[in-house]
Amino acid sequence: MSATEDFKSSSCRDYGQHEATLPGQQLAWIRSLRGDALEQFKTHGLPLGGDEAWKYTDLKALNRRTFEVASQAPAIEPQQARTQSLIEAPCARLVFVDGLFARALSSASLPVGVSVASLAETLQTDAAALEGRLGQQVEIAQPGFSALNTALMADGAYICVHRDTPVSEPIELLFLSSGSPDRAAHVRNLFVLESGASAVVVENHAALGDGAYFTDIVSEIFIDEHASLQHYKVQRDGVQAFHFAGTHIRQHRNGHYVAHTVDLGGRLVRNTVSASLAGEGAECTLNGLYVASGRQHVDHHTRIDHLVPHAISREQYKGVLDGRARGIFSGRVVVHPHAQQSDAQQAHDSLLLSDDAEADSRPQLEIYADDVKCSHGSTVGQLDDDALFYLRARGIGLEHGRELLVRAFAAGVVAQMQFEPLRARLDQLVGEKLAAANLSGTR
Amino acid sequence: MLSIKNLHAQVDGKQILNGIELEVKPGEVHAIMGPNGSGKSTLANVLAGRDNYTVTDGELIYEGKNLRELAPEERAREGVFLAFQYPVEIPGVSNIYLLKAALNAQRKHRGEQELDAIDFIALVKEKMKLVEMKEELLYRSVNEGFSGGEKKRNEILQMMVLEPKLAILDETDSGLDIDALKVVAQGVNSLRSKEHAVILVTHYQRLLDYIVPDYVHVLAQGKIVKSGGRELALDLEKRGYGWIDQPDNAKSATVGAGS
Amino acid sequence: MSSNTLDLDTLIRRDYAAGFVTDMDADTVPPGLSEDVIRLISAKKNEPQFLLEWRLKAYRHWLSMETPQWAQVHYPPIDYQAISYYSAPKRKGDGPSSLDEVDPKLIETYNKLGIPLQEQEMLAGVAVDAVFDSVSVATTFKDKLAKMGIIFCSFSEAVREHPDLVEQYLGSVVPPGDNFYAALNSAVFTDGSFVYIPRGVRCPMELSTYFRINASNTGQFERTLIIADEASHVSYLEGCTAPMRDENQLHAAVVELVALKDAQIKYSTVQNWYPGDEEGRGGIYNFVTKRGACRGDNAKISWTQVETGSAITWKYPSVLLEGDNSVGEFYSVALTNNRQQADTGTKMIHIGKNTSSTIISKGISAGRGQNAYRGLVKVLKGAENARNYTQCDSLLMGDRCGAHTFPYIEVRNRSAQVEHEATTSKIGDDQLFYCRQRGLSEEDAVSMIVNGFCKQVFNVLPMEFAVEAQKLLDISLEGAVG
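Residue numbers (our numbering), protein chains in the order written: chain A, 213 to 655; chain B, 5 to 263; chain C, 8 to 489.
Among the hints, erroneous ones may be present.
Derived contacts from chain C toward chain B, CB cut-off under 7 Å, selection only [as the list claims (entries may be wrong)]:
1. 433
2. 440
3. 441
4. 444
5. 446
6. 450
7. 455
8. 459
9. 462
Derived by calculation from the structure, the hints in this document are not laboratory data. These numbers were taken from a predicted model, which means no experiment stands behind them. All C-beta atoms in this analysis are idealised placements derived from N, C-alpha and C, irrespective of residue type, glycine included.
Based on the sequences and whatever the hints tell you, model everything.
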């Protein structure tokens, strides 16, 4: 590695080294998908200033670093994976370590009518199933990680729920990082819910070590007519980790998508979500909770396109910021011409617990149709003094009172999760994170 | 004053009125009753010229003019007033401003001098006493944050200030307590004279205890199936709408009870 | 009834009434921009050396800058060499020393625009500075105000008569390199208004400037500087019009406000630059930088704007809340019809302690108009107990227009309370029918509902302006409802 090498050049070098062995390269369409993406990444690179979409997230420090992908998944004890799982009951579970599929750790108890597999394996065995979907929902002609991921995608989950199959058991995708410093993982997921299908997917990112590693995840999600997906994404990366996730959803007529994103870990975290509501009656709900302390930086960037009439979108994000943490929410709702009767609501509330925490909020509406119901709201503030006083007047100590109020603030998001078994576990995880953060108000 | 012949009308493409016949002369009070969905409110809205209420057939003659050819505001200026079942809220537009603009639009139409602010306020205050409305409501935005009763009183106030030749009250009595009901009745009765006519659209006969109608008509499936005097309303009160024959086999009844 | 409510029945619907051209002999510099042109402008105005240096520095900086791209507006690149940077009505000798000496054609122009300059005809209590293309042609009530120590004059005169004040405050709120258009203005600005209110003085009348673009192929680059010394008060109004032309004309102004301790400035604008025709031909590009600094404790700056004109509006009247307990306000109505585009809003920068700001923005889009609110609320680290309340409402009329809301909220202090709300609505069919059933025409009903929508803003406009603003809205909405 030369002294002048930066993120971009080291990524391109990675591509050069691994090009031949990347999955799917035997197929012309995959080769051209990757090749085009690499060109786009070379052209646009990382957004290093002047890009409105990255206004509050500075990648200059990242750009000075270099990372390398693992050639094979590091060995992990089954017990280590089990303790990180969020679902106690037996379920379909794919485990990835440093972005590569770990078959030995995964369980394949699959309900009928569902395919759950490693994307890399599927590219070898059944690539036809992916063609026309993979790479179709993500925009690569822009700065950022979509192009990089498309060029270098190594593995990830392919889930296909077949027509009219309702799957109530959850499917867990456990992405473990060994925590090795300078390790890069390029994860690519593809979820397809065919007409009338439904599923619950729990995407679980956890770390076994605290090195400064890098993960970029791109998930493409297709919700066909009358299909529905509950998508949980829980991120507990290491304190020095870089985590960039892009989730790109296309919803057809009466297709429902509900996402709950919980961010507790990571040093620099960016979640990009873009949803295209392309069929009447489509409903998209994006909920998010982030609790950040220390020097954590958590950036949520969402965009919902109402492309047709009569679609509904709901967004509710909440952030708790302590220490020198910085929380960013940027949410855009675009109602396209003729998308009459669109109904969009968006809310972002953040709580600043310390003098050095920062919150930035950009709720945005872009509306080109007149018969719509759109609103957004955003608040930034601290705990309600009156409420705190009320608790104290009832004999509850200051610290306990604060904790109660912060927990109550955060609990609102968790309580909305439909998948019940996850709620208790997340309440506990959020509680632990809040307890670790400085709630005493002294500093 | 008003002559309705063979009136057929659709709402958003759905056929609701199927041949209404009604004659209203100056000085008369007509009550239109009927079960939910019989077309009562549709009739009221068709008379006022609401947009997606389409007349597909029949005649609507008011004071010698073809109502079908007049825009809603032209009908209003000619003296047709509709007290809305659900008065809308208009944020930022004060109640009194709307009232003044409406009154002066009508006065201008009649070739009368517009009222200046002082005369106008005097007129409104006088009418307000009758409807027992709080004065502060005048200065609030139109119907914004009004209670159900306040909205209805406000409709009656507008009616009294505008003194329409033909007032149509669309279920103005629904959801009102007895005091408010009396206020509505007082308002209507104060308008009663040789020149003015009133059409009361109502589901219940209790309003008719206070406003005694000259005629009562029963509407079912978009047609008047029975007409009579005040006693018809009392019958309906006792026996409900069930005994009213359906239009298909009730032609003789209609003719027999004709006014 | 609110005294601001306009009697709509008296409204005459008309086209852009200010679209005429006055035939004037003008002293116009040929198109083009260079250091020589800047020297020429400076020489024509007999400026002191410091100002020429200041201009040149701004110009050199401007050359290194790029046109801002982030706004939600689209227009072809502007050829800055095709614009004439100075055009002034020719006059005899040193220019008029009193109104009697002003060219009657100019007096007539302003009469036609409803701005009678003769004091005896004036609306009581409004002093006017009339800016015609590049120069101020007349300022009324100057002497009476001077007796109270108030300076109200053209910018050029201020440079001559009060160079110390100009040097002290010029560029202190909007630095010459602040942004592309501010830098251009700093290099080539020609005239504008200057106001100084001495300590403890409450200005007894509204001060106003009326901007008129007349000549073709020119831009208007005016500069306004208002200084309210400690515990003083002033209310200032600004109006603008231009002839109807097929070409686009650039208006790149800078307004700087300085409110010292306990001072209050209220700045109201009714902007009615020519908006272009129905197809979007012609119209003014209104690229304006307006900013005020609450430089002392308890200072207050309030911006109110009614934007109905211009092909493109790009402006963000802002307040730097430096003093403790200082207050910033922004009330805006922006209307875009036909093919007009507006990207407008405000910046509230909370710096001192216990500062508060209020933002009320009402956007109305009709025809193919595009209307964006863009606003920044920033609470710096030391700004204890900052408060902001923002409300952005959009009203859409028709399905070919657009309404956009882009707030930016940046909070660095945990004691802050920042609240933002936005809604989008259309004029309801139910509302229209209700009004029509009461005898109002559809147009009057629309006008009434729109005025109701804007009421929170109209209520804070000075009386004379409120009536004017409502009239403008009605005219601008003409044909918006079919």
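Numbered hints the structure breaks, given as an ascending list: 1 and 6
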